[in-house]
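S.K.: Residue numbers (the working numbering), protein chains in the order written: chain A, 1 to 233; chain B, 1 to 233; chain C, 1 to 233; chain D, 1 to 233; chain E, 1 to 233; chain F, 1 to 233.
Copies of the same chain look alike in the list, so a pair counts if it fits in one copy or across any two.
Within a straight-line C-alpha distance of at most 25 Å, the following computed DMTMM-like cross-link-like pairs (lysine to aspartate or glutamate) qualify: (1) K215 <-> E194; (2) K192 <-> E142; (3) K192 <-> E121; (4) K192 <-> D18; (5) K192 <-> E73; (6) K215 <-> E226; (7) K215 <-> E73; (8) K215 <-> E142; (9) K192 <-> D208.
Because the hints were derived from the structure by calculation, they are not lab data.
There are 6 protein chains.
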Amino acid sequence: MRNVIVTGAPRADLALVDQLTPLGVATVHEAIGRAGYLGPGLRPIQDGTRVGGTAVTALCWPGDNLMIHAAAEQCRPGDLLVVTTASPSTDGMFGELLATSLAARGVRGLVIEAGVRDVAELRTMGFPVWSAAVSAQGTVKETAGAVNVPVSIGGQIVRPGDAIIADDDGVVCVPRADVRQALAAAQARVAKEEQARQALADGQLGLDLYGLRDKLAARGVRYVPEGTPDGLG
Amino acid sequence: MRNVIVTGAPRADLALVDQLTPLGVATVHEAIGRAGYLGPGLRPIQDGTRVGGTAVTALCWPGDNLMIHAAAEQCRPGDLLVVTTASPSTDGMFGELLATSLAARGVRGLVIEAGVRDVAELRTMGFPVWSAAVSAQGTVKETAGAVNVPVSIGGQIVRPGDAIIADDDGVVCVPRADVRQALAAAQARVAKEEQARQALADGQLGLDLYGLRDKLAARGVRYVPEGTPDGLG
Amino acid sequence: MRNVIVTGAPRADLALVDQLTPLGVATVHEAIGRAGYLGPGLRPIQDGTRVGGTAVTALCWPGDNLMIHAAAEQCRPGDLLVVTTASPSTDGMFGELLATSLAARGVRGLVIEAGVRDVAELRTMGFPVWSAAVSAQGTVKETAGAVNVPVSIGGQIVRPGDAIIADDDGVVCVPRADVRQALAAAQARVAKEEQARQALADGQLGLDLYGLRDKLAARGVRYVPEGTPDGLG
Amino acid sequence: MRNVIVTGAPRADLALVDQLTPLGVATVHEAIGRAGYLGPGLRPIQDGTRVGGTAVTALCWPGDNLMIHAAAEQCRPGDLLVVTTASPSTDGMFGELLATSLAARGVRGLVIEAGVRDVAELRTMGFPVWSAAVSAQGTVKETAGAVNVPVSIGGQIVRPGDAIIADDDGVVCVPRADVRQALAAAQARVAKEEQARQALADGQLGLDLYGLRDKLAARGVRYVPEGTPDGLG
Amino acid sequence: MRNVIVTGAPRADLALVDQLTPLGVATVHEAIGRAGYLGPGLRPIQDGTRVGGTAVTALCWPGDNLMIHAAAEQCRPGDLLVVTTASPSTDGMFGELLATSLAARGVRGLVIEAGVRDVAELRTMGFPVWSAAVSAQGTVKETAGAVNVPVSIGGQIVRPGDAIIADDDGVVCVPRADVRQALAAAQARVAKEEQARQALADGQLGLDLYGLRDKLAARGVRYVPEGTPDGLG
Amino acid sequence: MRNVIVTGAPRADLALVDQLTPLGVATVHEAIGRAGYLGPGLRPIQDGTRVGGTAVTALCWPGDNLMIHAAAEQCRPGDLLVVTTASPSTDGMFGELLATSLAARGVRGLVIEAGVRDVAELRTMGFPVWSAAVSAQGTVKETAGAVNVPVSIGGQIVRPGDAIIADDDGVVCVPRADVRQALAAAQARVAKEEQARQALADGQLGLDLYGLRDKLAARGVRYVPEGTPDGLG
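Between the sequences and the hints, there should be enough to build the whole structure, so can you do that?
M.R.: Okay, here's the thing in C-alpha cells:
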C-alpha cells in the first residue's frame, strides 16, 4: 500500500450524478452493462434512503481509522466517502463524531467495507451509511494508509471522483467518464421498464414479452405433465 | 439437472393451508415433528408479514433467471413461488417487474435461495419476499433449468404443491399429503401453549411445568453454591 | 463442560449498572480499554432499544435448551440472561414462552449466541433480544449443560454477575469488579466527546482536533497532487 | 423429523456402481445432466482416494451421534454411510471406533455433512471419509433421528440405496434407478473427452474444438486491440 | 484490553503434560468432560504431528504482531505460544523468522487464531503450527496488546500456563490445575476404548456395546420396513 | 461488464519475473509495500510449488466458463491465467482438459477465484492451480464476459500483463511497471532477513533486534508480575 494522500482529484459532474441517482442502484447497474455493483455484503443501516455523490476513497489498516480523518479533509460538498481496509475487518471504524465532521463538510454519506457504530445516533442524525457490519469494536489511529487511490470492493474498482449511488439494494459505482452515457442508458431503461410493467400488470407473461419461449426450446427444455416417467437429462 | 417444466402439479388443499398459516412458522414446524424449516438463511425483506400458499418451484442456473419467467406461467392464485439455484448464488434474480407479473397471477409471495433487488419497490407494492440476500447484481436469461421439480433448501426437500408458510421467523414447508394432519397437530399445540403461557406469566417455572428437574438430576447436573471448589466433569 | 448450576452468584451493583447503561455500548467499550465487546455477530431483533443488567449465564448443548429452563430459576429482577452453546448453533432455542417466563421474573432481556424464534411476538411483548440468528428450528431438552459458569462469546469472557449493556451497536460486558471504574471513565469520555462534537460540527477537522498531522508525517504519509507519477511504497 | 429406522431399503446394482466409480465424480456429475454433486463443502480427509457404493442415510440431531450407531446395523458390504444433521453442525460425530465398526461390516467409507475426528487414525486405517469439518468436539447419544430416510446435502437429495461416488473432487449421488443410464452416458463422455484431450494437447483451441467462436460473436463479444478507447457495454 | 505483559506465570507440570500429549486431542477433550476444544477453525499446516506444552498467551491488535515479539521473551522450553487478536483477522502475523526465534527458546509450536505465512519454510523447519488461515498479508508493529492474560478462542478460555495439546484433530486446552485429573481420566478412557475397538472389529454393534437399543425405543424410534406408508412424527 | 477480448496486452519483463519468483510471495508482498496479496481465500491444490508469470485475465459469468476458452487463445508461454467471476461462485470452471490446452500453450498455471475440478489429474499432470474452491460442479458456455480487462480479487486489482507469483502462501500481483523496483526491494529484504534469521537463531529477541522495547513503553504497555491486582486500561 502506497502511503499517499492524493489531492485535487477531479470529480464526476455532480449535476449529472444528481440526475442519475433517482433512477436507483439496480437500474444504473444494468444500464452500465451489469457492472459496478459493490455486492450484497454492503447493507444500509437505514431503510428507504437513496443518495448519490462523488467518491473520495480511503484505504485503512484493519482496526485503524487514521486515514478516515485524513480523508475528511479531502471531502467537499457532494462527495460520498468510500472506505475499505487492507485486509477484511468488521471493526467499528466510524461513528457519530466522524459523521458530524463529514456532514459539516457537505458529505452526503458513507460507504464502508468494515463496521460502523453509533447506529442509533447516525439514524437520528439522518447521515446515511452502507456498511459491511455494525460493530462497537473501537479502533486506533496508528498505522498509515492512503486517501484517493483506487480501491476495490466486492470485485469492483472504485476510483476517486467516480459516481456512487446507494439505496436499499446496495451501492453501485459508475466510472467518472461514463456518467453521461450511463444516464442516457438508464433513462432509456426506465422508459422501457415502464412499458413492461404495464404489460405484466395486465397479465402478459415475461415468456412472451421477452420472447423466451424459443430460448427454452432451443436449450432443450421440455414441458412434461406431472406424473410422466422421466429419465436423465 | 433435468431441463423440464412439469405441468399440472397438484396442490395442497388451499383452504387447509389458509387455516394453517395464522398458526405461524415455528408452531407448524414443531407440529410436523420439528421438520420442514428452510433455515435461518432465508430472511424476510419486510417485517410483520405472515403468508401461506402452495409451492411452485423453480431451479435456476446461478446468475440466470430464465426459469423464473417459465415458472410464472405455471403459477395460479394461492401459490408461492420457491426458487433456488444449481449452485449457491446471491445475485438479484428477482425484482419489481417479476413481482408485478406474479401479483397479476395471484401469487402470494416469493421464497428465494438467492438475491432479490428493488426491495424498496417490493415493500411499497406489498409483495412479500423471503430471500438469502438483497443484491442489485443483474442476471441473464441464457441457461436452462427446471420448473416444478423437487428442490432442496436448507436441507429440506420442497416438492411442487407442498404448503409453504412464511413469517418473521422464516419459512416452513409442509408436505402436500400432511397438511390436514399438520393442522390438527398445530392447533393442539397452540392450545397447549396457551395454557403454558398463562402458567409462566404467573411465575411458574419451565422446570416444574415441563417436569425437567428429574431430567437434570438423571443427567448428573449438580447444584453448587458459588465459590465451591469444583473439579472436572 | 462441567454439568453444574452455580447458585448464589453475586451481581454487579445494579444502581451503578443503571447509570452506565444510558452511556451506550460503544462508549462503555471504549471506556474500559476497548474491551468486552461481544462482536458484530450478535444483532438486536428490535431497533432503538438500550438495556443493561447483570449476567446470568447458560451453556447449552447445540439444539437443546434444557439449561435455559434451569437458568430461569437463577434469574432475579435486573438480570439479563446470556446464553451460548457448546459448539456453534443457530437453532431457535428461545421464544415467546421462555420470554414470558423471564419477564415474569423481572429479567430485562436476552443475549444469545444462537437463534431465537417468535420474533414478531417478542417485539410485540417488548422483550429485548440480541441473537446470532433468527430461526424457527426447534430444540430438545435432553442434554446437560451449565448455569452461571464463565462463558465466552466473541472472544470475550462473560462471568455471572458481570454488567451487560446492549443497544443497536451490539452487546458489551463489564467485569463485575470494574463497573464503578467503568462508569467514571465512560462519563469522562462522554464529556470529552461532547466538546469534540461541537468542534467537528463547526468544521474543525479530526486531523487538527486529535493532532494527527504529525502522526501522518511520522508514518511517511505524503500528500501527492492527482496525476503525479508515483513509484512503490 | 420422523423418528424411524427404515429397514430393507433396496440398493442400486453394486456391479454397475463399481463400473461407474472409476470414471470419477466430475464425469459422472456431467453425465447425469450436471446433477447430484453434494457441493464443495464436503472435502476428503485423504488425498488420491476414489470409492463408490450404495447409500445408507442417517439424519442426526446436532451434537448427537446416536443414529450413526443405529445406521451401522442397517449397513452391509458395498454401502457408503451418508450422514447429515437436522441443523448445521461441525461437531466430531465420527471417529476411529465407529470406522472400525463400519469397516467390520464391509462399509466402504463415510460421507458426513458435519465433523469427524481421529483423522490421523482414520488415514492410517485407510477408511475413506468426506466431511464438512475436522473437529475433536465430542457428541452425546441422547436425541432421536432417522435412518434410511431421504436426506438433503448441498441442495441435492440422497435417497437410501442411491449410488454414491467420492474422490478428490468431492461426492456425487446418482439416483438408484438411473445408474445404468448414468454408466452409459459417462462412458460415452469419457470416450469423447479422450479425443478432446489429444486435440488440445496438440495445440487446438477449445474455441475451435467446441465451436465457440460463433457463440462469442452472437453474444456481442468484440476483439479490441489493447489501448483502444472503449465506452460502456 | 489491558496493555500488560504478565511475567512469571506458573505453568502446568510439564512432565504430566508430556504424558497427556500422546493420548491425543479427542481423547483428552472427552476426558475433561467434552471441554476445552478450540474448535474446527484452527487447522494444522502440517499432517501427522502431535505436540503438547504449556501456554504463553498473546493478544494482538488485528494486522499487528507487536505483542508476539513481546511474548517471545516470556517463553521458555516446553511452552506453546497461543495467539489471538482483538477482533477477527486472517493476516499473516507469524512466519519463518518468528519461528526461528521461538525454536531457539525451546518453544514447541504455535496456535494462532489468525494467519501464518512462510508455510513451506515452517514445514521444512519442522516448527508445528495450528492456525485459522494461511496468508502472506503482512502486519505492522504499532499497537499495544497483552501477553499472558486469559484469552478466548473458539468459545474456550485459555489461561497462561494451561496445558495445550494439538494434533491433526485440532487443539485442546486443559486448565493448569486439572492436568493430573485429566491424565487419569484420559488413560482410563484409552483403556476402555481399546476394549471397544476389539469388540467392534469383531462385528459387535455399538447399539449393543453401548446399550443403545433401549434408548432408541424410549425416544420413540420405530423400525419400519421400506415402503410402509408413514405419517407425521 | 464490457464484453471485450483485449488483444496484444503488453507483459511484464519475464526475465525479471523469473528473478522475482524464487523470492516468494510473502517477501514480494512486503517489498512492494504490503500490497498486491490476493488474500487467504486462494489456496493451492498442491503443496510445495512456487511459480511466476505474467497475467492473462478472464472475467466470467458465474457457472459459465466460456471466457476461459476465449482467454486460452490470448495466452503465450510465460503467462499465468487469472480468472474471476462477475459474482461469487465456487463452481468447477476448470479441469484437466483446459489444463491440457493451457499447458500446450506454455501457460505456467492458473489462479482462479472460483472452483476447479479433476484435482487428482491436475496434480498428476503437474499443472499448478490456486483456487477458491475444489468443486466438481459443472458449468455451461452460454454467457459473455471479458478477457484481458482489469479484474479485482481479494481487494487487489490485477491488470493484464502484471507479474503474478504464487506459492504455498497464496498469490501476489506486482503491477507491470513496478517489477524491476520490486525485484530490487525484495532482494534487499532477503539480505536483511538473512541477518535477522541468524541473530534470532542465536537467541537474540525481536524486541531488541527491531528496537521494540521503546515502542511498548511509548504505548503504555506495563510489565506486571503474575498475581498483581490490576485495574482497567
